[in-house]
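Residue numbers (our numbering), protein chains in the order written: chain A, 13 to 318; chain B, 13 to 318.
None of these hints come from the bench; they were simulated from the model. Just so you know, these numbers come straight off a predicted model, no measurement behind them. Glycine included, every Cβ here is placed at the ideal spot set by N, Cα and C. Just so you know, not all the hints are guaranteed correct.
[Unchecked claim] Pulled a few chain B residues facing chain A out of the computed Cβ check, cut under 10 Å: (1) 187; (2) 190; (3) 191; (4) 253; (5) 272; (6) 273; (7) 280.
Protein chains: 2
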Amino acid sequence: MAPRCNHCGASAEIYLDYARLNLCPACFKKFFEKKVKSTVSKYGMIKPGDKVLVAASGGKDSSALLFALKQLYPDVELKALHINLGIFGYSDECEQKFRELVEDLGVDFVVFDLREELGISMDDFRRTVYRRRLCSPCGTIKRYLMNKLAYEGGFTKLATGHNLDDVAEVLLNNYLHGKVEQLVRLKPVLPSIHPKSVAKIKPLWETTEMEDLLYASYQGIPFRTVECPLSAGTRSLRWKRLINDVAGKVRGFKHTFVKSHVNKVLPLLERSTPLPPLVECKSCGMPSSSETCAFCRRIQLVRGPA
Amino acid sequence: MAPRCNHCGASAEIYLDYARLNLCPACFKKFFEKKVKSTVSKYGMIKPGDKVLVAASGGKDSSALLFALKQLYPDVELKALHINLGIFGYSDECEQKFRELVEDLGVDFVVFDLREELGISMDDFRRTVYRRRLCSPCGTIKRYLMNKLAYEGGFTKLATGHNLDDVAEVLLNNYLHGKVEQLVRLKPVLPSIHPKSVAKIKPLWETTEMEDLLYASYQGIPFRTVECPLSAGTRSLRWKRLINDVAGKVRGFKHTFVKSHVNKVLPLLERSTPLPPLVECKSCGMPSSSETCAFCRRIQLVRGPA
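Let the sequences and hints guide you as you build the complete structure.
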């Protein structure tokens, strides 16, 4: 006999191993939204008067995020930001799905197209990268642009769709390699540390990748189904599989690991890790830990000497 | 064709994946001893004039430790300590192997028999433990007695056979559960923090369980082959298997993880984690973080009200 939903007794479709919970689709959607709301409230992510820019890639996580925030906070000023990275066979579908979603939701939005705005695309970065993967420069570009556009638009919060699997993967890697500067920045809310830096919030901090996927599917949210051709087989994906293997043997591994970091280890690390002083990039004026910021250095590498 | 020893060109019998190294038995023995010597020297574990008590359980790790220390430091004052825990079908073989080893080596030794000295054995602890496993009270008893006997014998160092696998397992568990007090004590040398506490050293901090086993086997060192009947299927053994699975996919996982902890994360945690104040146990006078020390509380539980 099919298992019953632990909340309403209907036929269950979902089993959440970490919570030992069987749920039907309707109760799962409520469960998911309650969880996001609880994360937002626990960490004080959204406060009255906040203007929130939601970075949405067209993927399941950030699409689920945008959808859930719109349901949960109908009165908060939300705007969706999409960055078209110009990756052949990928970025245009991402933008398409993003546009379908914001139209469905009636959410105000902006699209930043790398080729149109900067004259270059992520594909152009290939020749500047010595290792095989472009995830690191792509992350730099996205983080810079998201913050800059949030700052210029007068937003008080920038929301991203990082999920529990993302966090657990980065956490284990940072512990493994002792990356303490990154460890102290791995938190659900990263407050503004410079007048031109906007506070970052991660409302999906406590939902798994699988939960985001299920929520997006059950809500009929449009999201991309193609994988980024530049990230296939990356370290990050291998690590996530590995961590899921561990979670399959140690119930709640990801949840416990991330919670212990935030509640117990992080406060001690923060007390003894001074933040690097930020200056303004001599080229673009945005916050930077070096004379020229990482974004400008990456862009100059691609464009070549002026 | 069989692989060749990377050091001497003879036929190799051992492949160390983390170091991508093929070795013959003779070169492996040198490699192992060089590694132990390097660990001892790097962390300043043994200094001229030190009197070292080596805790030896009769198992492969501590037997390899005692043997290697005797070879490497013939001029250092060494004494071997064995604690007979009184576990049926196990402890007597452990003591037997210990006695064979110290006789072979001509090392001065002492055996502390729980039944003779305290009138109780680990088997008596069963009825005081609500969970299935006795590893936790057994650890308390052993740590207490090792320190007490080292202190009373005037030793300056207490050496134990904890290996890299032990450390990686405890490390991951402490991070997982955010056990910060334990994290700051997980280090190759634990200095004395009370006049009655003797400094602890772990010279096998950088050798794996497999390396200890190979060294003990190739040197013909006697060690127990039975497993502790009280520890079969414990959490610790499951975790070690799990970590070895990860290390099979991420080369050098255990080495990198432990090294990053010691060099990068630990110094920051130590700076912000005050050590709990130690008092003297009102019952036995040994150092304790509470009025009555954990050892005395355990013993009183077994003996019942006076």
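Query raised in the report: Which earlier hints can't be squared with this structure?
Result: No numbers; nothing is violated.
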